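Work the whole structure out from these sequences, hints included.
Chains as they are written, first to last, in our numbering: chain A, 203 to 635; chain B, 203 to 635.
Because the hints were derived from the structure by calculation, they are not lab data.
Computed from a prediction, not measured in an experiment: that's the story for all the values here.
Careful: at least some of the hints might be erroneous.
Any copy, or any two copies together, can satisfy a pair, since identical chains are not distinguished.
To be verified - In the SDA-like style, the derived pairs of lysine to any residue whose C-alpha atoms are separated by at most 20 angstroms in a straight line are:
no., residue 1, residue 2
1, K281, N208
2, K546, A406
3, K257, P366
4, K257, V232
5, K281, I615
6, K489, Q544
7, K257, P334
8, K260, N416
9, K225, P407
10, K273, P407
For reference, the chains in residue letters:
2 protein chains.
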Amino acid sequence: MPVFLNAAAPDFEASFAALLSAKREDAVDVDDTVAAIIADVRARGDVSVIELTAKFDKLELTPETLAFSSKEIAAEIAKVPNDERAALELAAERIRAYHTRQRPEDARWTDATGAELGWRWGPVAAAGLYVPGGLASYPSSVLMNAIPAQVAGVERLVICAPTPGGVVNPLVLLAAQIAGVDTVYRIGGAQAVAAMAYGTDTIAPVDKITGPGNAFVAAAKRRVFGRVGIDMIAGPSEILVIADADNDPDWIALDLLSQAEHDESAQSILITTDAEFGRAVAAAVEKRLETLERRAIAGPSWRDYGAVIVVQDLAQAAALSDRIAPEHLELCVADPDALLTQIKHAGAVFLSHWTPEAIGDYIGGPNHVLPTARSARFSSGLSVLDFMKRTTLAKMTPEALRAVGPAAERLAISESLEAHGLSVRARLDRLNR
Amino acid sequence: MPVFLNAAAPDFEASFAALLSAKREDAVDVDDTVAAIIADVRARGDVSVIELTAKFDKLELTPETLAFSSKEIAAEIAKVPNDERAALELAAERIRAYHTRQRPEDARWTDATGAELGWRWGPVAAAGLYVPGGLASYPSSVLMNAIPAQVAGVERLVICAPTPGGVVNPLVLLAAQIAGVDTVYRIGGAQAVAAMAYGTDTIAPVDKITGPGNAFVAAAKRRVFGRVGIDMIAGPSEILVIADADNDPDWIALDLLSQAEHDESAQSILITTDAEFGRAVAAAVEKRLETLERRAIAGPSWRDYGAVIVVQDLAQAAALSDRIAPEHLELCVADPDALLTQIKHAGAVFLSHWTPEAIGDYIGGPNHVLPTARSARFSSGLSVLDFMKRTTLAKMTPEALRAVGPAAERLAISESLEAHGLSVRARLDRLNR
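See below:
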């Protein structure tokens, strides 16, 4: 059974703190293994990648077959039924429309001294997306990673997707095609991350690597950070539903289960103003768990990390929500917009019970790559900005330099950086001649 | 002597590649030490921080004296001469004006299905700035880190600044006051980073840690990344000047030296269309090195990592510049704006020879915390956005769900995520009843 907490109980603070700090993942320490793999790929390039793929994925490749050929891609994509293709295309269209609005604007202005200031945004030149193999090979994640890159204007977009035993998900290749991916390499693990970061004879290096992966992939991304940009290291998925009594318990139960079914370490929490409704939702979860396909995953997740919290009012719900800083937050209350104004920290908010979180996973438009493990306190979901960078601009005139140069010189001297000061002074002296 | 390269020479490509890949820093592996320090601070809190400060900084503290008192701050600040104070205030005003323009906008719209979509930005609740001690204790860096946080709306802003032997730079405390910093702790190293990330009885944890530091600080930031947000791990400073012959060689020499004087590992590169001008700049550098206060730092930097590259034309200069992706780029040419359109990757650009890079370090307005070591390919200087995060919003209506729900359900089924599909289907069934 999941935890039942009542915010009015005397021991609530201790119980809630325990819930917040519950360790849901045993981080396997694979750092030494990963360091060795990265060093080997840097030293031996394609040969290393091919050997490691044979070892870990039981797949024999050559430099020529590292990437899928366009013929192979076409043959796989042909297997996709029409309704799946249409669904993927609708999702891509909506994700693209949303992300297109995220394109940042350049700025340039002249200040009172006559100095021109501003900034300019530009895309990274090349990005690599990691797509896990097997069960977690999600075409929706291909769209969510590749479309922001495409909208940003990234020139070269590649995917690394392991295909253990050579098996690939045709929908992943279709999603890659829809999202404008140039090349799909059938490699995975730390070796794929290393190849994208440092390049091999066959695989050109990229500037930014995004996408989910197992402990090896996460450790490799952490290690190549700095050489290339990376997205957040994602933890297990989470949902928080704030619901009043005016909801169908079964709908809320399904929303909670839609995170629980991802991973035994996923966490689903209901905060409600009505204890009876909370019990009804918990009962509905148990009923659905009897038949759910992934009950072997969702059941342990719900029992080990699930929680129902009864609060006095929605203000209390909002305060607790901010301490959780949930990845996904559903506001299933009469006036979700009013409640939203009280919420500070959340990755994605779903307003009203007509917006199940699953809409956001696939087709709402916003990105489904979101901050987990309370990191919504300081980070955001994936966006077009993750594939762009900003160059700041400054252009002084003689007049502007006359106005602000002496202060710069003074500060340089105070920091004992003489050449800094002299570089300004030399120009000021010319002006004063 | 620095390297002299001519882009027309047959061996240029090999020489330029060698210059690009020159390892300028021997990364000391301090990771095990740092891991132990972080674990100790997590376990023993204030006691650990106080012991480590006694050990590394020769400074005996108590929980009560971890932070400067307002009386101590006032006494230190009173030592600052008026002209220094005025210079710092002008810098703060200009940095604030620039960064205020970076505040991002919220968005919300209704699409053709009737779904409301959008996003909302908000500040992180608390940020911690690391300020190195000793020679690298720069008040300008306090402004450059704290003002963007202040403009973002961060509620609680703290500084950790080691004060070996108890010595503090009064200008650092003044800069902190000007930039609205709430508390300054006199601690440093990995123990300060750990205290800010995890909190102690005395030091409340923060959500984001920024600021430069030595190898221990950098390793600690890397380790706490995920628990809190961090800025980039900065490497040694770099400048690239692209100059035509119509420049004073001494000005350009001083600009090159203003990076070289930071650090023996700093890199200063001149690209010019005129070989004779290149030689004149190199001669001017040598002349300035005879008397420069920091010649013991700037000399080795220039001789070991400096370079003068002669190119055929400015298009070639732009192409080489993009391969370097410099932290600082000066365009000292007749039409710097025209050249700017050919540049893709740079942290900060300074247009015209009236804009020495030092202006950007202190008083231009743009941030001086910039991507080093070619990371301008994928990352940006510090900005207001680094202290904010975005929450995405989605609000479906029954009509909108009817329009897009079936596609979401189809994709959920294709990914074998049954509960996702059912959470949509349950609502669609209600609508179809």
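Problem set entry | Enumerated hints in conflict with the structure, sorted upward | Result: hints 1, 6 and 10 break, sorted rising.
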